[in-house]
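Quick mapping for you: the protein sequence lines, in order, are chains W and B.
According to this note's numbering, the stretch in the first sequence is residues 1 to 292, in order.
According to this note's numbering, the stretch in the second sequence is residues 1 to 252, in order.
Among the hints, erroneous ones may be present.
[Claimed, not checked] Once the Cα atoms are required to be at most 25 Å apart in a straight line, the calculated DSS-like pairs of lysine-lysine come out as:
1. W:K122 - B:K136
2. B:K163 - W:K122
3. W:K167 - B:K136
4. B:K136 - W:K165
[Unchecked claim] Derived CB-CB ranges, DEER-like:
5. W:V152 - B:K137: 41 to 51 Å
6. W:I270 - B:H21: 46 to 56 Å
7. B:K137 - W:A155: 20 to 30 Å
Just so you know, these hints were derived from the structure itself, not from any lab.
Even for Gly, the Cβ is constructed at its ideal location relative to N, Cα and C.
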Amino acid sequence: MDFDVVAHGIVAGSLYALVAVSFNILYRPTNVFNFAQGELVMLGAMIFASATSLAGMPWFAAFVATLVAVGLIGLVEERIAVAPILARSQTGTGWVITTLAVSLIISNLVGRFWGPDPILVKPPEPLSMEALDLGPSRISSYEIMLVIVTIVLVAIVESAYRTLKGKAVMAVAEDREAALLRGIDPGSLRRWSFFLGAAFAAMTGVLAAPILYASTSLGPDLLLKGFAAAAVGSIGNNRGALIAGYLIGVTEALGASLLSPGYQEAVIFIVVLTVLLLRPQGLFGSSTARTV
Amino acid sequence: MKAPGGPPLLSVRNLDAGYGHVRVLQNVSLSVDAGRIVALVGRNGAGKSTLLRTLSGLNRAASGEITFDGQNIAGLRPHAIVAAGLLHVAEGRRLFRRQSVADNIELGRYGLRLGAEQHRQRMDRIHELFPVLQEKKDLPAGGLSGGQQQMLAIAQAMMREPKLLMLDEPSLGLAPVLVDQVLSAILTLRAQRVAILLVEQMVERALEIADEACVMQNGRMIASGPANEIATGDALRAAFMGDHGAPGHLQS
């Protein structure tokens, strides 16, 4: 087995894990699966690329501006596409269509505004995309940092759930009505979750841009594989998402190298379907159904 | 706390409410004074739980007035009603079963800023009333017995030092010794000037500890008054044995 292939699989898997975590941030308190999440990742990459490569903003300022801008778009999405549906019925599933609509709107607007050409984004100094000479692997310093940053981010998100606000999110996820009776306002948690979930998606886009380039095609690809990582790792479980991200990234890389690049997506779906067939709740979920 | 003869803590006037187009409550009026226990009794389906759900904002009132502590709370959202000091412990001990006992108690004060000293005092008061919750603080709430879960649900509400605590069937499914414990906890809370609105299927036990009582039948309030008068009055008998009632409903 080629070590270099596995290493690049883990790098790609880290990105899938980040997309899955951004799904989870949103899903936990709302039970809403935001199908625009992939386009929010893409939007993050595009805004950041324009701010740095085209407008010449410093890396950190552009980073913060991108997260806030996309976070606000997430908030707008919640107001116009999700809140009205859940106001009618808490268990309504119309958001499947409305979040998909938001996804298409963002995709078309971005395509019109930026055009189809990918934008090259340089990693922040002193990191670079140049392959380091590390014996069997030809991985870059930026890619190594991305893998580390991903693990740190998952740890940070997980520790956020140990705060009182995080526990309230879990309380709403378990029994919304009981949470209401304890003075928890699920509407406010839902707005925060959309803001933070969208900002997290944008950050994923910023982190992915030096590797994948910023382009409008980023969205659908990451949506699909991020969704796969979330489902295999059990939806709502961030550590599960991390491991499932690696699993999918490495499988994809091995499939491309051992079989043919044309098969890489087929290989992913074989893995996802096999896992979900054997364990419908994902690899890291408990088998008990949610009580409604 | 109110001066004798002052306005009641909770005052409900001509309340209509229900689910969708189904009208459950019709012209319900009720008042609860500070530091008093009011038992709300009636057969299954009389509308007791619906009344509590409407008071805590889970259901919308179709018409009528709800005044709590001088504030009109009809139409407020549940978290705002909780913030006003009206707490509702729902039927079936709705806890966060996957979180620890300690975390459940902490969630009781969500959104409330408490100083360290204040926080400790409230915890002490809870642990004094329910020592078992301190012993089991690290267990998931779902692993507690029914009685302990009921205590935990009351403890969550106590974190806010409510002015009025509404308890829906606190004795449901509990062993007799635990029923005694829960009822004595209710008396302790009254001694701390917490008003209690108690919905209870063990009617005689509820009327024993209550100051006042109200009887509901088919979504209407058919009687209210001092608990000892209600206990011997005709309304109670009518509510439980009228139409198709069975004497077995009156438990001793």
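Violated hints - listed by number, lowest first:
1, 2, 5
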